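Sequences are here, hints too, so could you generate the full structure?
So the sequence lines, in the order shown, correspond to chains A and B. Numbering of the first sequence is given in the working numbering, commencing with residue 1 and proceeding in unit increments. Numbering of the second sequence is given in the working numbering, commencing with residue 1 and proceeding in unit increments.
No lab work stands behind these hints: they were computed from the structure. All of these numbers come straight from a predicted model, not from anything done at the bench. Heads up, a few of these hints could be off.
Copies of the same chain look alike in the list, so a pair counts if it fits in one copy or across any two.
Derived EDC-like pairs (lysine to aspartate or glutamate); straight-line CA-CA distance at most 16 Å [as the list claims (entries may be wrong)]:
| hint | residue 1 | residue 2 |
| --- | --- | --- |
| 1 | Lys728 | Glu718 |
| 2 | Lys136 | Glu464 |
| 3 | Lys173 | Glu159 |
| 4 | Lys456 | Asp563 |
| 5 | Lys292 | Glu465 |
| 6 | Lys342 | Glu74 |
2 protein chains.
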Amino acid sequence: MQQTLNLPTPGALVLLPVVYMVWSETLIDGQENKPFLKFLSQADWLSEEDKSFLKEKLSPESPPTREEMEFWWETVHAASEESKNYPNLVSLGIDLLKKARPEALYSFPLQRAEKELAQLEKDLGIVGQAAALSFKSSHSNVSTQYETREDFAVQALTELLDGPRKPLIDSLKQYLATEDFAYIQPDDLEKYRNQVLSWCRLLAGKGYGSIGYPTDYGGKDDMEAYFTVMETLSYRDLSLVIKFGVQFGLWGMSVLSLGTKKHHDKYLKAIGTLELPGCFAMTETNHGSNVKGIETRASYDHESKTFTIHTPHRDARKEYIGNAALHGRMATVFAKLLIDGKDYGVSTFLVPLRDEAGTTLPGITITDCGRKMGLNGVDNGLISFDNVVIPKENMLDRFSSVDAQGNFQSPIASDNKRFFTMLGTLVGGRIGIPRSALAAAKSGLTIAIRYGDRRKQFGPEGGEEIPILNYRMHQRRLIPLLAKTYACHFAMEYVTNRFLKRQEEEMQEIEALAAGMKAYVTWHTTATLQECREACGGKGYLSENRIDALKNDTDIYTTFEGDNTVLMQLVAKSRLSAYKEQFENMNLFTIINYVASKTKTSITEKNPLIIRNTDENHLLDPDFHLSAFEYRENSILDAAARRLKRLMDEGMDPFDAVNVSQHHLVNVGQAYIERVILGKFIQKVKQTPDPAIQTVLNKLCNLFALYQLETHKGWYLEQGYMEGVKTKSIRKMVNQLCWEIRKDAVPLVNAFAIPDACLAAPIAL
Amino acid sequence: MQQTLNLPTPGALVLLPVVYMVWSETLIDGQENKPFLKFLSQADWLSEEDKSFLKEKLSPESPPTREEMEFWWETVHAASEESKNYPNLVSLGIDLLKKARPEALYSFPLQRAEKELAQLEKDLGIVGQAAALSFKSSHSNVSTQYETREDFAVQALTELLDGPRKPLIDSLKQYLATEDFAYIQPDDLEKYRNQVLSWCRLLAGKGYGSIGYPTDYGGKDDMEAYFTVMETLSYRDLSLVIKFGVQFGLWGMSVLSLGTKKHHDKYLKAIGTLELPGCFAMTETNHGSNVKGIETRASYDHESKTFTIHTPHRDARKEYIGNAALHGRMATVFAKLLIDGKDYGVSTFLVPLRDEAGTTLPGITITDCGRKMGLNGVDNGLISFDNVVIPKENMLDRFSSVDAQGNFQSPIASDNKRFFTMLGTLVGGRIGIPRSALAAAKSGLTIAIRYGDRRKQFGPEGGEEIPILNYRMHQRRLIPLLAKTYACHFAMEYVTNRFLKRQEEEMQEIEALAAGMKAYVTWHTTATLQECREACGGKGYLSENRIDALKNDTDIYTTFEGDNTVLMQLVAKSRLSAYKEQFENMNLFTIINYVASKTKTSITEKNPLIIRNTDENHLLDPDFHLSAFEYRENSILDAAARRLKRLMDEGMDPFDAVNVSQHHLVNVGQAYIERVILGKFIQKVKQTPDPAIQTVLNKLCNLFALYQLETHKGWYLEQGYMEGVKTKSIRKMVNQLCWEIRKDAVPLVNAFAIPDACLAAPIAL
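Right, dumping it as structure tokens:
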């Protein structure tokens, strides 16, 4: 039953946009039409017909029908195309009058109507300009039109990221993209684990496994290549990279670093070819972070010249040991060396676990750790030793040994120092892991950013839906993480190089750098993949889009190779010490009179003009960024040193004093690492020759710096290093940079050059 | 070859603790023995024997042997028991002299030695008191001795948490702890899904499924009980709770709320018994958050009086639909109603999917969503309709219908308003989901806190290892999350009650509350479970300890029932509007002249004495907390309103203006929700009669408030609402409260009373 609908009388016509708006926004709810009724009672320039129409149409008892609403909208809409932009609804209403009833215009009191109606709109809370726009069939705006551009050569940026190792990376990527490495369903634990083992064999066959070993043992003596391989494998499957790392890194490198020539000759080649799968058995159920407290015993027998390896109780079993549940045939076992019942501290021993047929040897009990949150292609297990006897030569004797007379021998007198020297040789793991983590973050960001560029949702009234990456909030979620990923990439490049060229006297610094970067990057990865999951909504939850695996596989990265919180405290400890020795072996109470002069802020920095400076050139000045990071690093460090000293001077037990300051110490570590990262990023930007790439890297570097300053703004304000006006400008600049980088975001993830076959997420291909 | 070791001469004996420390801390490394050599050159009170011994022992070329170090330690250690506390190493050295060579004491220049040695210690950077302690076999300290206490009756707190629904909760918990609900391995998708279906049947059999339906249809008309059941089921298996929610909540409640008596009569009973499994088919691949944009069509045929349901293209398929892949037999389908080709907006239709044998009906194509990050016991699927014809009575016609003449009819003229009225009836889901999420957070915290109380790692020199929950950093990671969980619990109780007693005019507020709490609580759950995973280290990664499942199952909670970021913007929109209508149907540009007077800070609050007040009573005053939260809430809201108005007044396109302010708007939502939560928590504390429980709840409430103030300190400092001295005191107070609550932490999680059979994590039983 179609109603017959007529245009209202001229006065009511001018008000039609307002009437429509009142109903479509359901502003009428008993009380809310009061401003309108008041207006009607005063507007004596309206005719009686006008008023009666309006009163009827504004009554909550007689709402308009759907057809009427539609008719009104069509009528107003037709008129709304007359002008590009209306300041309010009344000006639109007047155009409507002009168009529909031009004859009525002459007698119409335009000025009064404009004035009183503008007031009515205000009283109703209508933002007129915006409301008028909503009658247009579509309107363009910045958010809609914004899109991806390619302002730089993606391939050139990939070359910059890969560096001299590009040929190795490319050939490995190509290999990983073949059918040999096709993803399998990870549901069946056994199948998955065997598949991962086969993959490792394929890689060993191509010489990737032994690449870091000396050439005498089939290797290429190329540790940098080893790290590069770890990183590149991470684009494929993270169980693969961890299984690979357990075999060729932890197991092989422990034999190489803790053993001597006899061990190398006997085992290293077979390890590199995966002929001899093995384990690294350090962690015990009761002792993870505190490795020094492990309870597995290696008792020396003078007569038979053997060691008896024994697990004293259930909670002293080796736990989470990779390669143990199924494939490992031998293990580097960390145990307390006992000679005549006397404890000589932790040493390492090669203990056979299984025969060639894979049968567990007598005295060895292995339990499967079972299903884990991730990395289910790795067969982690618990190992228990029941008085397992091994020959004397199975002691890895580079740092400690038992001589022919049965006396303990070591080039390092202090048990403490020896222990940390041993562990120090294994620092490489703390470089491999963050590089692997960062590769996972790159995969996640590639998926989320490509999806965000394509996925459209919502849009302006009457307009097209827009890519979700055009939303400011979506940019804020992903773009700073992209900037931090680039920052971490260059910092890992730096730390890798420092490690490769290390001198003895730099070891404390390099160990702190590696520990700190491991913690920083793996936390960053966890946070990034969480954000990527949420940013992809339901699609991010489907396993086919791989964020599931990336997230769950890397979740343990913040724990293994050193719990991140413990590592950050080690970094702090190292920073608190002015001595350049192995830092892990120093008790925190050996605090040096820290050179306070280093931390004094120059007068320039706290100049009132500077702390309130919101000039764009200043906010984007790398010198400002680096000074601010350095100021934070040094102030926090200085305050921590003073605080510890004060607490102990006041008589607090040193252990308690360190405990009370623990949160502070973690911040010391983080502030140091962030300063290092920023310093290296700034340097990288300066050295980049290609101007287009330099421009985009500079934006990323600015965003990394300012986003961190924004994150820590509470601290800077507390210190009086910045004032509120400046931190607010920083926030605006962060938003602005996110917006600017958004158009480069897809090319920036494309520069990671992750092969489609590896990325594999349907939403990102 | 045991060396013969002799005590050094008296002067050297006094220095022995320093010599030992220098070596054990490896302070000697080329240069670092310089202060020592300088001291030796000046200390003419030392004998030639003393000096020659010391010089030899300090040479980097001739480090002491391991035996020598041990002998020194034993010697100093024996003397160190003489006094409880040494201020420095020299005083310990003098006791050593007293004990080993009492005869030498008379001629020894005690005063000079003390003075010069104290200086030497300082020059070497040794904190003497701490170093001296390290020679003692053990020493007690606060961190070691601290432990769990039960200062309140756990059961009484459980009663407070459960409230009047305790009998229902208890009986359901008991049922869930039976063998019927024993956990199964989730590896096999098919098995797991069928198991979950069987569990739902068991629950339906006991009447839990229909508990929220009218009594006429086998229910108990008790929505509160329905929410309580959702929450309690969440202690068991989250796939179970979601499958249960899809069937009895989404599917059943859509028939109840959107249909009319004919639909209720025909279907509701069978839904409540699970005789008729069904789906809620709203989301499409291309339209998730923006439901209004869905493209599935329902075209009316005048002649046959039928609707033809059709999926126009692949990306318009219904996606992520629970119960669809395997079990659903019918669905509530959201589709655009078309009559004679004219679009009448979104309506809902009952569409049969499968016959009783489970065979998919003609025209229906269902694809399995496959494996997901979690919730793999729920069979999510994609549904495609190929011109599926359904009778007219299958339209759920409470809000829109087609009359006998084929005309569209609706009690609500505006398509916009009708759409949001329909969605508004489904707001219950936004109460059920956060309550389920919070139950998962409680499970995670129970596991992590119990484990932290037992797990020991590291400890003072020579002392026992201590529970990791005694570490300040560990407390900081978990205790504020525990406080927030309690805070959210009481807030959800409040929101549930508001919803149950809702009046039409409160709906906008209640929808905003539910949307905001859904976002706030689910984000809190994601963050909490991440922290719990890391806090449990490797154990947290093993699936057997269930954080895996809790975390992965709830990860999607931040997305479904409304993406959290979108929801927080809806909350902001509601807050920006002074009108009490359904808020979702209002365009953001309809911004009301927000009453600025509400947000003016009283002079008292910004009084210089207050912004610097660090008095403990003030910091722990709930009035201070609430004022600070309200100040933030109102200021951010006011600023957002002004900003939007300004941008649009300046001519910015309204859509762009909202986009530019998006981050700000999310903060508006969060600040509002946090204020609500705090207000309800304070009220709860005040109303708690049991003084012991009141004390501990008060601490939790203080911690929640202060932790949030610390989190937002950057903002408060920017505003000049607090000065640095105050925010620093707040940080200290947060640390202090974490420390105090730590002893109550285990009883506090025990009060959640999660049955062991449900918790199931070996590390927490």
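Hints versus structure:
no.	hint	in the structure
1	Lys728 / Glu718	both (15 Å within a copy, 8 Å between copies)
2	Lys136 / Glu464	within (13 Å within a copy, 75 Å between copies)
3	Lys173 / Glu159	within (14 Å within a copy, 59 Å between copies)
4	Lys456 / Asp563	between (40 Å within a copy, 14 Å between copies)
5	Lys292 / Glu465	between (60 Å within a copy, 12 Å between copies)
6	Lys342 / Glu74	between (96 Å within a copy, 15 Å between copies)
In summary, the structure agrees with every hint in the numbered list given earlier.
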